[in-house]
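Residue numbers (the numbering used here), protein chains in the order written: chain D, 1 to 265; chain C, 266 to 530; chain W, 531 to 810.
Just so you know, not all the hints are guaranteed correct.
Okay, derived cross-link-like pairs now, PhoX-like style, lysine-lysine, Cα gap no bigger than 25 angstroms in a straight line [to be verified]:
hint	chain 1	residue 1	chain 2	residue 2
1	D	150	C	492
2	C	402	D	132
3	D	132	W	723
4	D	132	D	150
5	W	616	W	723
6	W	637	C	402
7	C	410	W	637
8	D	146	D	132
9	W	637	W	616
10	W	614	W	637
11	W	763	W	637
12	D	73	C	492
13	W	616	W	763
14	W	723	D	150
15	D	146	W	616
16	W	614	W	763
Don't read these hints as lab results, they were simulated from the structure.
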Amino acid sequence: MTWFSPWLSAHLPTLLVWIGAICTLGLYSVLYRENRLYRLFEHIFLGLATGYLVAQTWTDVLLPKWWVPMWDKGQWVYIFALVAGLFYYFIYSRRHNWLARLMIGFFLGVASGRTFQAFVNDTWPQIPTSFKPVVPHPALRDATGKVVAKAVTWPDAINNILFLVILLCVMSYFFFSFEQKNAVLRRSAQWGRWLLMFAFGAIFGQTIMARLALLIDRVDYLLNDFGPAIGGPVVMFAVLMVLAALVLFLALRPGAREREPGEEP
Amino acid sequence: MFQPVQGYRWYGYIAGALLVSLVVVLILQQTPPRFRKPLIRAITLLGGLFYALEFFLPTHPMPTPEDPQRVGNFLTPYVVPFGNTSVIIAAWTVGLGFINLVQVHSRRLLRGAEGAFNSAVLLISMAVMIVVHILQKVHPNAINKNLHHLLFDGALQSLDATMFSIIAFYIVSAAYRAFRVRSVEATFLLVTAVLVMLGQIMVAQAVTMHLPHNLHVEVIRDWILTKANAPATRAIAFGLGIGGLAVALRIWLGLERGSYFEAQE
Amino acid sequence: MDLLRLLQTIDRRFIYALLLLAVSAPFFLSIRIPVPISPQTQALYNAIEALPPNSFVLLGADWSAGSRGENRPQTEALMRHLMKRKLRFALLCFDPQAATLTETMAKRLQSEYGVQEGVNWVNWGYKVDLENFLKALVLNVPQTVSADINGTPVANLPVMQGIQTARDIRMILDVTPSETFKAYIQFVQGTYKIPMGLAPTSVMAPEAFNYLDSGQLIGMINGLQGAIEYEQKVGYVGQATRAGLSSSFAHLLIISLILLGNLAMLLQRRQRARLLEGRR
Numbered sequence: 001m002t003w004f005s006p007w008l009s010a011h012l013p014t015l016l017v018w019i020g021a022i023c024t025l026g027l028y029s030v031l032y033r034e035n036r037l038y039r040l041f042e043h044i045f046l047g048l049a050t051g052y053l054v055a056q057t058w059t060d061v062l063l064p065k066w067w068v069p070m071w072d073k074g075q076w077v078y079i080f081a082l083v084a085g086l087f088y089y090f091i092y093s094r095r096h097n098w099l100a101r102l103m104i105g106f107f108l109g110v111a112s113g114r115t116f117q118a119f120v121n122d123t124w125p126q127i128p129t130s131f132k133p134v135v136p137h138p139a140l141r142d143a144t145g146k147v148v149a150k151a152v153t154w155p156d157a158i159n160n161i162l163f164l165v166i167l168l169c170v171m172s173y174f175f176f177s178f179e180q181k182n183a184v185l186r187r188s189a190q191w192g193r194w195l196l197m198f199a200f201g202a203i204f205g206q207t208i209m210a211r212l213a214l215l216i217d218r219v220d221y222l223l224n225d226f227g228p229a230i231g232g233p234v235v236m237f238a239v240l241m242v243l244a245a246l247v248l249f250l251a252l253r254p255g256a257r258e259r260e261p262g263e264e265p
Numbered sequence: 266m267f268q269p270v271q272g273y274r275w276y277g278y279i280a281g282a283l284l285v286s287l288v289v290v291l292i293l294q295q296t297p298p299r300f301r302k303p304l305i306r307a308i309t310l311l312g313g314l315f316y317a318l319e320f321f322l323p324t325h326p327m328p329t330p331e332d333p334q335r336v337g338n339f340l341t342p343y344v345v346p347f348g349n350t351s352v353i354i355a356a357w358t359v360g361l362g363f364i365n366l367v368q369v370h371s372r373r374l375l376r377g378a379e380g381a382f383n384s385a386v387l388l389i390s391m392a393v394m395i396v397v398h399i400l401q402k403v404h405p406n407a408i409n410k411n412l413h414h415l416l417f418d419g420a421l422q423s424l425d426a427t428m429f430s431i432i433a434f435y436i437v438s439a440a441y442r443a444f445r446v447r448s449v450e451a452t453f454l455l456v457t458a459v460l461v462m463l464g465q466i467m468v469a470q471a472v473t474m475h476l477p478h479n480l481h482v483e484v485i486r487d488w489i490l491t492k493a494n495a496p497a498t499r500a501i502a503f504g505l506g507i508g509g510l511a512v513a514l515r516i517w518l519g520l521e522r523g524s525y526f527e528a529q530e
Numbered sequence: 531m532d533l534l535r536l537l538q539t540i541d542r543r544f545i546y547a548l549l550l551l552a553v554s555a556p557f558f559l560s561i562r563i564p565v566p567i568s569p570q571t572q573a574l575y576n577a578i579e580a581l582p583p584n585s586f587v588l589l590g591a592d593w594s595a596g597s598r599g600e601n602r603p604q605t606e607a608l609m610r611h612l613m614k615r616k617l618r619f620a621l622l623c624f625d626p627q628a629a630t631l632t633e634t635m636a637k638r639l640q641s642e643y644g645v646q647e648g649v650n651w652v653n654w655g656y657k658v659d660l661e662n663f664l665k666a667l668v669l670n671v672p673q674t675v676s677a678d679i680n681g682t683p684v685a686n687l688p689v690m691q692g693i694q695t696a697r698d699i700r701m702i703l704d705v706t707p708s709e710t711f712k713a714y715i716q717f718v719q720g721t722y723k724i725p726m727g728l729a730p731t732s733v734m735a736p737e738a739f740n741y742l743d744s745g746q747l748i749g750m751i752n753g754l755q756g757a758i759e760y761e762q763k764v765g766y767v768g769q770a771t772r773a774g775l776s777s778s779f780a781h782l783l784i785i786s787l788i789l790l791g792n793l794a795m796l797l798q799r800r801q802r803a804r805l806l807e808g809r810r
C-alpha cells in the first residue's frame with residue numbers, strides 16, 4: 001500500500017474529474033431511455049448519500065454533542081438521551097410498537113407547543129403590513145421633523161389597492177368553512193382563482209430558472225472542469241454533440257419513435 | 266446528582282442509568298392496552314406544554330453572566346438543555362432510515378431477486394462512504410483525505426447535482442407539451458410565466474434597456490413578483506398559518522383522529 | 531402526420547438535444563452583458579455594507595450539491611462580500627453536505643481576502659433538529675454549538691469572542707433551497723429583530739417576496755439571476771455570471787417552444803373549425 005498514497009495524490013485531480021464526468025454521463029443516459037447504467041449510478045448515489053448522512057450525523061452531531069461530553073467529560077446523564085432515542089426503535093417490534101409512539105407523541109407535542117411562537121413571529125407581522133395606504137399623501141413628519149410615514153405617490157396608491165384586491169380575492173377563494181352563497185363572495189372567489197394564476201405563473205417562470213441553473217452547472221462542469229482532461233472544452237462540446245446526435249439517431253430511426261399518448265399503434 | 270464523574274464511578278453511574286431505564290421500559294411494557302392511548306396523549310400534552318408555557322407565561326429580567334439583558338420565566342433556563350438533548354435524540358432517528366434501507370436491500374440481495382446487483386452496489390457504496398468519512402475525521406492523513414475527496418467531490422457531488430439537473434430536460438419538454446392557452450386561468454398563467462422568464466434573460470434586458478423604465482423586462486418581472494405574486498402568496502400563507510395552528514392545537518390536545526392516536530397496540 | 535400536429539408533438543429527445551445545445555454553446559461566447567440590479571439584491575448588498583466592521587454574521591447554508599447550480603454561486607458571493615468587508619461570520623448547516631461544501635469554499639477564498647479560519651470565520655458544521663436547535667442557540671451560542679467542524683470547542687475560538695446569545699449576532703443570512711429560512715424567522719429574527727437576508731433557489735423565491743414586503747426580510751438574492759447581480763456588485767466574474775448567457779439562450783428556447791406549440795394548436799383549431807363549417 002506504500003505506493004498507493006503517493007499515486008493517489010499525484011493522480012487525484014485527473015481521477016476527480018473523470019469520476020465526476022462518468023457519473024454525470026451515466027445518469028444522463030436516462031434521457032435516451034430507462035437503462036441499466038442509469039439504475040447502477042442511481043444506486044451508487046443513494047448509497048453514497050445515505051452513507052454520508054449517517055457518517056456526518058455521527059461526526060458533526062453525536063460525537064461532539066453526545067459522545068465527547070459523556071465519555072471524555074464524564075457527563076453520564078447523557079446516556080438517557082441514547083435511551084430516549086432508542087425508544088424510536090420499538091417501531092420494529094410488533095408487540096412493543098406503541099412504546100415508539102410515546103417518543104413520537106412527545107416530539108409531536110413539542111412541535112405543537114412551538115407553533116404559537118412560530119405563528120406570532122411568522123404570520124402575525126404580515127397582518128399589519130397588509131394595511132397599506134391607498135390615498136396619496138406627502139411624507140408625514142413628527143414635531144422633530146423626522147419622517148414617520150413615507151410619501152405615497154399615485155402609482156404607489158394604485159399598486160397598494162391592487163395588492164389589497166389580490167389579497168382579499170385570493171383569501172375569499174380559500175373560504176371553505178361555509179358554502180359561498182353570497183354573489184359578491186362568489187365573484188371575488190372567482191377573481192381570486194384567476195389572480196392566483198399570477199402567482200402560479202411567476203412560480204412557474206422562476207422554477208424554469210431553477211432547473212436550468214442546475215443543468216447549466218453540470219454542462220459547465222463537463223466543459224470547463226472535465227473538458228481540459230480530454231483536450232479542452234471544445235473537444236468536450238464535440239463529444240456532447242456527437243452523443244446527442246447518437247441518441248437522436250437511435251430514438252428517431254424508423255420503428256423506434258415513441259408513440260404519443262392516445263396515438264394509434 | 267447529575268454532576269460529571271470520572272473513572273470507575275462513571276461506569277457505575279452508566280450501568281445504574283441503564284438499569285433504571287430497563288426497569289422503566291419493563292414497567293411501561295406492562296401497561297394495559299386501555300391505558301396506552303391516554304398515556305400517549307398525556308405525554309404529547311406534556312411535550313407541548315414546555316414551549317407553550319415558556320412562550321405564554323409572563324417574563325421578567327433574568328440576567329446571566331453571558332446575557333445580562335436576558336428576560337424569561339422559570340422555564341427559560343431549561344430551553345438550552347432541552348434543545349441540546351432533543352438534538353441528540355433527533356440524531357438517533359437517522360438510524361431508522363438507515364436500518365430500513367439496509368433491510369430492504371439485503372432482503373433483495375439474499376433472495377437474488379431482480380436488481381440484486383444494484384442492491385449490493387448500494388450497500389457497498391454506503392459502507393465505503395461511512396468508513397472513509399469517519400476515517401478522514403479520526404485519522405486525517407493524505408490517503409484518507411484523498412479517498413474522501415474522491416467519494417464526496419468526485420462521485421457524490423456529481424451524482425447529486427446531475428440527478429436534480431435531469432429535471433431541466435423534463436420541465437422543458439413538459440412545458441412545451443402541456444402549456445396551452447385552453448382557458449382564462451391557463452392564459453393568465455402562461456402570460457405571467459413568459460413575462461417572468463423574459464425578465465430573467467440578459468439579452469431581453471439589454472434589448473429593452475432603451476425603452477421607458479417601466480417597460481424594461483426586469484421591471485415588469487419585479488412588478489409581477491412584488492405586487493401580483495406577493496399578495497397571492499400572502500393569502501395562501503394566512504391560510505397555512507391558521508390551518509397549521511389549528512392542526513397543532515388538535516395534536517397537542519389529543520383531538521386528532523387517525524391510526525396514530527386511535528391505535529391501541 | 532400534418533405539420534401543425536408535428537409542431538405540437540416534437541419528440542422529447544429532439545427537445546433535449548436542442549436544450550443541450552442552447553446551454554453549452556454560449557460557454558464559447560465571450561460577450562459580457564451587464565445586468566440591472568434588482569431592488570432586493572441592492573437592499574441586501576447595502577445592508578451588509580452598512581454593518582460596522584468586525585460585526586458577527588450568521589451564514590446559514592442548507593443546501594446540497596443537488597441545488598449547487600444556484601446556491602453555490604449565492605454562497606460564494608455572500609462569503610466574498612463578508613470576507614471583503616472583514617466581517618466575522620459563522621457557517622451553520624442543516625444539510626449534511628453543506629458543511630463540507632462551504633468549508634471547502636471558505637478555505638479556497640480565505641487567502642484571497644487575507645482572512646483566517648477560527649479568527650475571521652468559523653464553520654459550526656452540520657446540525658439536526660432545526661427548530662429545537664435554534665430555540666437553544668438564541669439563548670446560549672457556545673453551549674448549543676459546542677464544537678466547530680474540526681472538533682474545536684467554539685468558546686475557545688477568537689472569532690467567537692463576545693458571542694454569547696442571539697443579541698450578539700448582527701445579521702442572519704440563509705442560503706437555502708427549502709423552507710429552512712422560516713425557522714430562522716420564527717425563532718431568531720422574529721424574537722430578536724435581527725436583520726435577515728435570504729438567498730433562495732428561484733423556485734422558492736416567489737414565496738419569499740411576501741416576507742420582503744412585510745419587512746421580515748431585508749433583502750434577497752433571487753436564484754441564479756440574483757447571484758449574477760450580486761457577483762456584479764461584489765466585482766468578480768463567477769459561476770453565475772458565466773452561466774448567464776446559457777440561461778438566456780435556454781430561456782429563449784423554452785419561450786419559443788411554448789409559443790410554437792400554442793401557435794400550432796390555435797392554427798389547428800382554426801383549420802378544424804373551417805373544416806366543420808365546410809361540412810355544414
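- Item | Violated hints, by number in ascending order, as checked against the structure | Violated hints (numbers, rising): 2, 12 and 15; every other hint is consistent with the structure.
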